[in-house]
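Participant: Chains A and B, in that order, are what the protein sequence lines are. Going by my numbering, the first sequence opens with residue 81, and the numbers climb by one from there. Going by my numbering, the second sequence opens with residue 604, and the numbers climb by one from there.
If you are wondering where the hints come from, they were derived from the structure by calculation, not from laboratory data. Errors might be hidden in some of the hints.
[As the list claims (entries may be wrong)] As a list, the in silico PhoX-like pairs of lysine-lysine whose alpha-carbon atoms are at most 25 angstroms apart: (1) B:K696 to B:K781; (2) A:K157 to A:K102; (3) A:K102 to B:K756; (4) A:K101 to B:K756; (5) A:K203 to A:K101; (6) A:K86 to A:K194.
[What the hints assert, rightly or not] Partial list, computed: chain A residues near chain B (C-beta under 8 angstroms): (7) I111; (8) G113; (9) P115.
Values in this document were obtained by computation on a predicted structure and should not be read as measured data. Ideal Cβ placement from N, Cα and C applies to all residues, glycine included.
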Amino acid sequence: MAYSDKVIDHYNNPRNIGSFKKEDEDVGTGIVGAPECGDVMKLQIKVEQDTIVDAKFKTFGCGSAIASSSLATEWLKGKTVEEAGEIKNTDIVQELNLPPVKIHCSVLAEDAIKAALNDYKKKADAETRTETTTASAGA
Amino acid sequence: MARSMCWHCQSEMSGEYFCGRCVKVQPLSKELDYFTCMNLPRLLHVDEQALERTFYALSRTFHPDYFATKDESQQRISLGNTALLNAAYRMLKDPIQRAEYLIRLEAGSAKDIRTSPPADLFDEILELQDDLEEFRALSAEDSSARRQTLQEKLEASRRSLEARKADVESRLFDQFDKWDVLHAQTHDDPATQAAKDAVLKTMQALLSNRTYVTNVVNDLVAAVGERTGSGRT
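The following block holds chain B by itself, in its conformation from the complex (with noise of 0.2 angstroms):
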């Protein structure tokens, strides 16, 4: 990640982060991704101690209160360094975050990869719809016999949507997998870079599906969440 010049002095550029002649602060490339920017291998089961252990060591590198006594264009730096460590540590701790970026990075844009909708799903979820309203329109003091069983009818759904949920991510899990035996394997093979395809594809389809669900769950927990007291199962 070194550039090839300082910004400041427009010596050639020893150091990694600072410049070799002046000392100046430099920046990190806009350019650069997350995990190069966190000294990490473009694998989706990430060392998660490394990364912290580099997001901290960088950000105390960078921190905006080192470079409070400097010239604007060092805080300038400073402050525009933190905000790429931040953004990169935030998206690559959380593993649902980054496979997206991942997908993203290799394939250029999710919308690039077509994956067909899951019917069955939206019938679903459409179907739920119903009830779900027709439980938010009785109220919370209604005791009929119709409240109680559309409750008990949510809850069974928001159950086996839970476990659907799971299912999807332990499958984008085993994906996590397959790519990371691939990255491993050369780059200008077609076999690899096809099967690397597909496992894009796959995860992306994944995704797309987890969303549908998260957003269904998240809706039958705010319905019938914590009213139930015993809550999850």
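Okay, chain A solo, but in the shape it has when bound (with noise of 0.2 angstroms):
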């Protein structure tokens, strides 16, 4: 069985690879691992007013795996915290052309964008509560 072109593609010139700092709080920061392969994805979101400005991934793992979370980081990139809430793992089953036993590597990917949307919304949750605080503890 052959890999698509675009899963090559995205294997030889992956697109935003690197990381951002975790402790940022514009930074939302996901890393999941798939037990049955040992495949680990870190993906990350810089996150501007509510839109994802940038994003960024490193990937330990299979040629599939890196395309996944490549395709996952061109997506993400102009999107609303919202809008990237919606992207599945079945979109990108598509856009790749992946076999069917290389789908958990779609879904590893989902997982990863869920991971870094929540801890994004998490610290940005935290955020607000310590500004609204500091508010009032000023007024």
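Combine the two chains into a complex, taking the hints into account.
Facilitator: In structure tokens, the structure reads:
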């Protein structure tokens, strides 16, 4: 079974490899793993006014896992946090033409997106709370 | 494992693998689990000699060579039974595969057991990948200090991860003991069942952990393993 051209392209020229500082307030980080194959995926988003302005990933795994996360970062850029939550693994399967045995790679990418979004939302909520507290304390 | 009726003469089955009346070989049921197939209790410490003995004995019983002159149905059964035996033997012989198989049997699917991912391990793995990538990019002839530093760092990581793998395996084998004790107890007791589920869950987490570690170790060995000469410590 051969990989599709799109998978090979993303594998050979991965987009957005790298990382942001995990601690930054405007960064959401998702680290997930697939216990069946041992792949590990880190996906990060940078958010400005509810819009994802940049995304980066680092994946330790097979070609399909790398391609799935590379594609995911491309798709994430420019989307709002809410829109990003709507990305489904089936979209990735379709775009990359993944064979049935590699579908779990796309699931991993979806999980990573969700984890990154949750991490960002958690930080944002915490910050809003702090601001409110500070504001009321100041008043 | 006796079947109720012979596929050929329809008579009540009296023999175990062959019909008592028409002496035709009988297919092993597809639903047969590997432990039952090998006449073993569902324990994680397997009597390896007993496993091997049963495997050889049954292999002789069903070997396709003995059915070369028989009709096509019997040849097919001999082949199918032999394939099942081979799969069962391979699965049960290896302790890791055996544990994975038992979890599947007992929990339906390993996926039904949710375990929390080892976050600290993930961070370590991803950090290591950076070093590995940089190391791979430098050619073997490169004698720079940077390459030397990286190589030493990767070798140290390999040693520590190999130790971690050994530790995970030893904790896994502790769970083997627990399982075997629990398995000997009554089945209906809800407390026993809860304890068994806990063991299955712990084993699943350890096995996942082991998969992650094994993958990185293999990568590290491929990158720095053979080149060091001294190899394992």
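Participant: So, for every hint listed, does it hold in this structure?
Facilitator: Quick rundown of the hints versus the structure:
no.: 1; hint: B:K696 to B:K781; in the structure: holds (20 angstroms)
no.: 2; hint: A:K157 to A:K102; in the structure: holds (18 angstroms)
no.: 3; hint: A:K102 to B:K756; in the structure: holds (24 angstroms)
no.: 4; hint: A:K101 to B:K756; in the structure: holds (23 angstroms)
no.: 5; hint: A:K203 to A:K101; in the structure: holds (14 angstroms)
no.: 6; hint: A:K86 to A:K194; in the structure: holds (23 angstroms)
no.: 7; hint: I111; in the structure: holds (5 angstroms)
no.: 8; hint: G113; in the structure: holds (5 angstroms)
no.: 9; hint: P115; in the structure: holds (3 angstroms)
Going through the hint list in order, the structure satisfies each hint without exception.
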